[in-house]
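Undergrad: Hints are included, so try docking the two chains, each in its own frame, into the full complex.
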Amino acid sequence: MAVTATSPAGARPVPPVRAGRRVRLPAWLGVTPFLAYVAIFLLLPTGILVVDAFRTPSGALNLSSPKLLFSSTVRSYFIGSFELCLISSVVGAVFGAILAYAIASGNPNGAMRQLYIAASGVLAQFGGVTLAFAFVVTIGPVGLLLHASWFYTFPWGISVIYAYFQIPLMVLVFLPAMDGLKIQWREASESLGCSAWQYWRYIGGPLLAPAFFGAALLLFANALSAFATIVAWENQIAYIVPQQIYLAINSEVGLSNLNVADVLALGMIIMVAIVMTGYALLQRRAARWLR
Amino acid sequence: MRSPHRFALIGLTALGLLAAGCSSGSSSSGSGSAANWATVTSASAGGGMSALVAAAKKEGTLNVIALPPTWANYGTIISTFEKKYGIKVNSANPDGSSQDEVNAVKQENGTAAAPDVLDIGMAVALVNTNLFAPYKVSTWSDIPAAQKSSAGLWYQDYGGYMAIGYSSKFGTITSMNQLLGSQFKNAVALNGNPTEANAALNGVMLANLVEGGSPSDISKGVNWFAKLKAAGNFSAVQATGATIKAGTTPVVFNWDYLNLPSYVGVSNWKVFIPAGEPLGGYYAQAINKNAPHPAAARLWEEFLYSQAADGGQNLWLEGGARPVEQPAMTSNGTINSSAASKLPPVSGTPVFLSQSDATNAANYLEANWAKAVG
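Line by line, the protein sequences give chains A and B. The working numbering puts the first residue of the first sequence at 1, with every later residue one more than the last. The working numbering puts the first residue of the second sequence at 1, with every later residue one more than the last.
Calculated from the structure, these hints are not laboratory results. It is possible that part of the hints are untrue.
What the hints assert, rightly or not - Here are the computed lysine to any residue pairs in the SDA-like style, where the Cα-Cα straight-line distance is at most 20 Å:
(1) Lys88(B) x Ala112(B)
(2) Lys169(B) x Phe82(A)
(3) Lys245(B) x Val137(A)
(4) Lys185(B) x Lys270(B)
(5) Lys229(B) x Arg55(A)
(6) Lys185(B) x Ala148(A)
(7) Lys371(B) x Phe82(A)
(8) Lys106(B) x Pro45(A)
(9) Lys106(B) x Asn257(A)
(10) Lys106(B) x Gly59(A)
(11) Lys371(B) x Val137(A)
(12) Lys106(B) x Arg55(A)
Said to hold, decoys possible - Which stretches of chain A does chain B cover? Using the computed rule of at least three CB atoms under 8 Å from a CB of chain B, they are:
(13) 148–158
(14) 190–201
(15) 245–253
All values reported here derive from a predicted model rather than from experimental measurement. Virtual Cβ for every residue (Gly too), placed ideally from N, Cα, C.
Chain B with its partners taken away, still in its complex shape (with noise of 0.2 Å):
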């Protein structure tokens, strides 16, 4: 339940707390050379990577939220990420949504607990940049501009395309259409509710396009499921591993680096792109302004947007998904070129959701979408 006056009372007397800390803190440290890690916009302004790592080192923790270990790879990231430097990363509630993030770093403001980063979708980051700290890592300019805010308040971290995987018993499925079908009787499945998740959102998206329709208007896609749904052949099952290695969910639209055999975990599923118009979508990297670890928060974007063998742009490519410094690792050569050779195939000019086109779309989808499929 929601209390903000209480979190307020709270976070004040946190704050206090700190204050009171950091003053006693600051003066041994200040003194010296140490730069203010809470405040400092590149590795370079605070005195280099070693004083980066230093510094994060003695912060020796790190707090991230909403990171599913399945997800993108992120288990192992966090691993080799606690193995390399010897900092303890606190993972919280890891199936959590972004909004579920947004909502942790108001209501944990100021205290040790509160989230030091976050792995956010762009529809919640781009209506809470005055949460976030700006920053820019070493490969700042390996992140093509569009993908990231020119303050440096967030950058695009990794993303897919919607796809469309199903169990390898239907066959090969070529087109969108097929799933009409007799054959796909309470088989189709969305990753939730699409006024609630982005991932389904997007999936009813993919609809809409292959169904002609623009990124502006969502409503040829609910349409589509609400087609869908008079045949018999939506079904009502949120998709998650476990449905899927139960069986209960044979097709799925989800994004394709959540949709590999390798991240479902069952060896008979295949991913289809439909041809056309692919839909991409990003996740954001973001640091909390009032992180309680603001050297190993920095330390954390600099690892995932780490171009080495063993750096989070690799490691999430392994993971399936596609790393925003894709393209200049592959001009640069220090990408892993046979995990990037596993991703499926996409062809067409992809289509990117600009954010009236992901508003307008929730916002069609409060209106219509349970009526279209109740």
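One chain only, chain A, in its complex shape (with noise of 0.2 Å):
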């Protein structure tokens, strides 16, 4: 845009090609301040917690800290993350999927349609003490609705308050690969006798599958991290790994140690690591037919 700014006026049109053959520099210079802002909030931290996580708090190295990752107390925090996440995971996919189905089928221009997606978009954002809180006032033990006795049991009871934020994320994920399913398709498939069940299985599902992995893959890394959701549902006993990373850096009865902390970090973005790139992978195939 600079470069028609600043050519003679009444000079031929640039060819956009040369154009941008002129000014090489504006083509990463754009992306810096997004590279900047990614090394210094992501890359730099990910870099000292690496480092760390093989020092001793003395700044010694130490290769046996992260042998702590293989520990049976250890894994009983990443076995219970691991738990927490497929679940939530699972059911938000599932009843995500079902609800974006609905929403899809629907009128795309309808009030509906607007008033899930809007409602999507606020309530995958809310989580935390407040959401906790309702539920515990609810549903808690002295709860306004009921009384569920299976509300302190993990990971079934903080599955359901995970729910409440995955669903709707799971819907605004889902929507756009379900509006890629064209009609015609659809039509094409029973001109030619297509039952119901057909249709899914040989033209729906295995269009619609590469999508629904990776978006249930993300709601498994969006689980992951969440901590003051767990932590206002209880916090008498920890189950998860940032309950345990919180009680490494936080714990006044002696067992606060920082390099533990740093190692089940590690742990956690070795976990987002694998995830993420299923869901890039899965991305990919995906975005074949959305086009």
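TA: What follows is the structure in structure tokens.
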């Protein structure tokens, strides 16, 4: 754009390719603020964390601390995190997908659709203390609606609370894929004698599967880092890794060990890296059909 | 997120700036008789109380940390101090833990925002004495010898006994094992996770002592909470003033001064300290050796250990906490006797956890707590 402005009046319109060649810098310059931001707030902290995970509190090299990840106590926290993320993401993905299908098959300009999308956008961000408190006072041990005895069983009770923000998030990320299913494909398959089951088995299902599993993985990663919600739900037993990191930083009874916190965080980074790699691969496959 | 390298860098820069500022400032004041309050170990060594007050007023500010306004009357204590000396008190992270205090001292070292004074649990205090400046308040001799470091690095300030607070809808509780009964479904709560919070660890220790366990082995306490959990009576919600008011945690194990009706703000609340071996616990004061306001920090300690009617010792007592100089004040008559008479009665020989008791308990809990009640 700057090129057009500086080109002399009356000159021939400059072809965009040449313009790009003449000012080569902006291509990477434009992305520099973003890269700087990522470097300062993502890469630098991650690097410090990885370095500290291999050191003792006094700063000496310590190659044995990552072994902590394989101790039975630490393993139980990772298993707890995995269970919670798995249950809440499966519940969120299944119900979110059904809801997304209902929205996608409705009037694309209808008020219902706008309402659902707006509500999902808000509710997907509803979490933390407010959400947990809302559940505690409605269905907790002295809840207003019912006194659910399963409410304080891990991971089921907390999964119900997580589902409250997982389902709307699924709607938001899965709806574009649902919208990508063209009505003509359905019509074509039906005119060729396809049953509804056959349509979903051979056409709709395979088309949506990458997007569905990709979205489910995103939900999994979303649940992994949630901390305030579970702490407000209960804070007398640590079940998941973020709670254990909190204890390693804050324990005032002498169990505080910042290197343990670093090692646990490193374990979480590895977990997220695996999940997000899977997400990226599935997204790439899903994107083929959504163009 | 932790980044000691950056903090170290900021700290060094700030220290450099501070040193530059100090050297230019001290040339004018240093020529006089003014003391360097950062290294003075008693008010008299620095030229007496009036010199301390003048120096503190000149600094004008005091940074405190992890002092909840409703805890042991700290709200009133801070406002009384501010009014009396005209010094502004910056209260950071009021709900923080003792470990948060130490983390702040390290990470903010050298900045003007670093905490000047700490009110800290003994387990954390004893392993961090290298961060503290030695100082002895004027009433030093009235603090029992077992409750202070002989070098003046830390000195216990107030404390209490582990107590079971409960809603009076349950009638009167006279034995801890009543809590295993069916009317206490989901009712019994601790003040936090015992592997993190000192008050919660002592709650488990109280059950341990009542069950006949020794202070060096907390396993019977953990077993008792496992029984409580099996009976369906253990509440996973962390007890706070709000959960007590809402009725979510109608039975709470906590220090008596955090468990009084006046503190929790509900009138139908009773306190029960199991007979036998009452479990006591005291917090301690310490001054950050690199305090940005060294004179104000020392004046704060003098104020907290003052036996005057509006001094810290009596103000803590009004908040339901037992000030460390209470025995001395009872004999010299400076105690607020009406406040003292409101404390819940304690019978038997008090037990205080030693450093090794506390470490054993923490290590046992780390390995077994989640398994027992999870």
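Undergrad: Each hint should be assessed against the structure and marked as holding or not.
TA: Hints, one by one, checked against the model:
1. Distance hint between Lys88(B) and Ala112(B) is fulfilled; the C-alpha atoms sit about 14 Å from each other, no more than 20 Å.
2. Distance hint between Lys169(B) and Phe82(A) is unfulfilled; the C-alpha atoms sit about 41 Å from each other, more than 20 Å.
3. Straight-line distance between C-alpha atoms of Lys245(B) and Val137(A) comes to about 13 Å, which keeps the hinted pair within the 20 Å bound.
4. For the hint pairing Lys185(B) with Lys270(B), the CA-to-CA distance comes to about 18 Å; that is within 20 Å, so the pair holds.
5. A hinted pair counts as satisfied when its Cα atoms are at most 20 Å apart, and Lys229(B) with Arg55(A) does not qualify at roughly 39 Å.
6. Our distance criterion of 20 Å between C-alpha atoms is met by Lys185(B) and Ala148(A), whose separation comes to about 12 Å.
7. The hinted pair formed by Lys371(B) and Phe82(A) meets the criterion: a straight-line CA distance of about 18 Å does not exceed 20 Å.
8. Of the supplied pair hints, the one linking Lys106(B) and Pro45(A) holds, its CA atoms being roughly 19 Å apart against a limit of 20 Å.
9. Note on Lys106(B) and Asn257(A): the hinted pairing holds, with a Cα-Cα distance of about 14 Å set against a maximum of 20 Å.
10. Pair hint Lys106(B) plus Gly59(A) holds up; C-alpha atoms about 15 Å apart against a cutoff of 20 Å.
11. A hinted pair counts as satisfied when its Cα atoms are at most 20 Å apart, and Lys371(B) with Val137(A) does not qualify at roughly 27 Å.
12. Of the pairs offered as hints, the one joining Lys106(B) and Arg55(A) holds, with about 18 Å between alpha carbons and a cut-off of 20 Å not exceeded.
13. With 3 residues having a Cβ less than 8 Å from any Cβ of chain B, the stretch 148–158 of chain A passes the three-residue criterion, so the hint holds.
14. For the stretch 190–201 of chain A, the assignment as covered by chain B is violated, since 0 residues bring a beta-carbon within under 8 Å of that chain's beta-carbons and 3 are needed.
15. For a cut-off of 8 Å, the count of residues in the stretch 245–253 of chain A with a CB near a CB of chain B stands at 7, and the three-residue condition holds.
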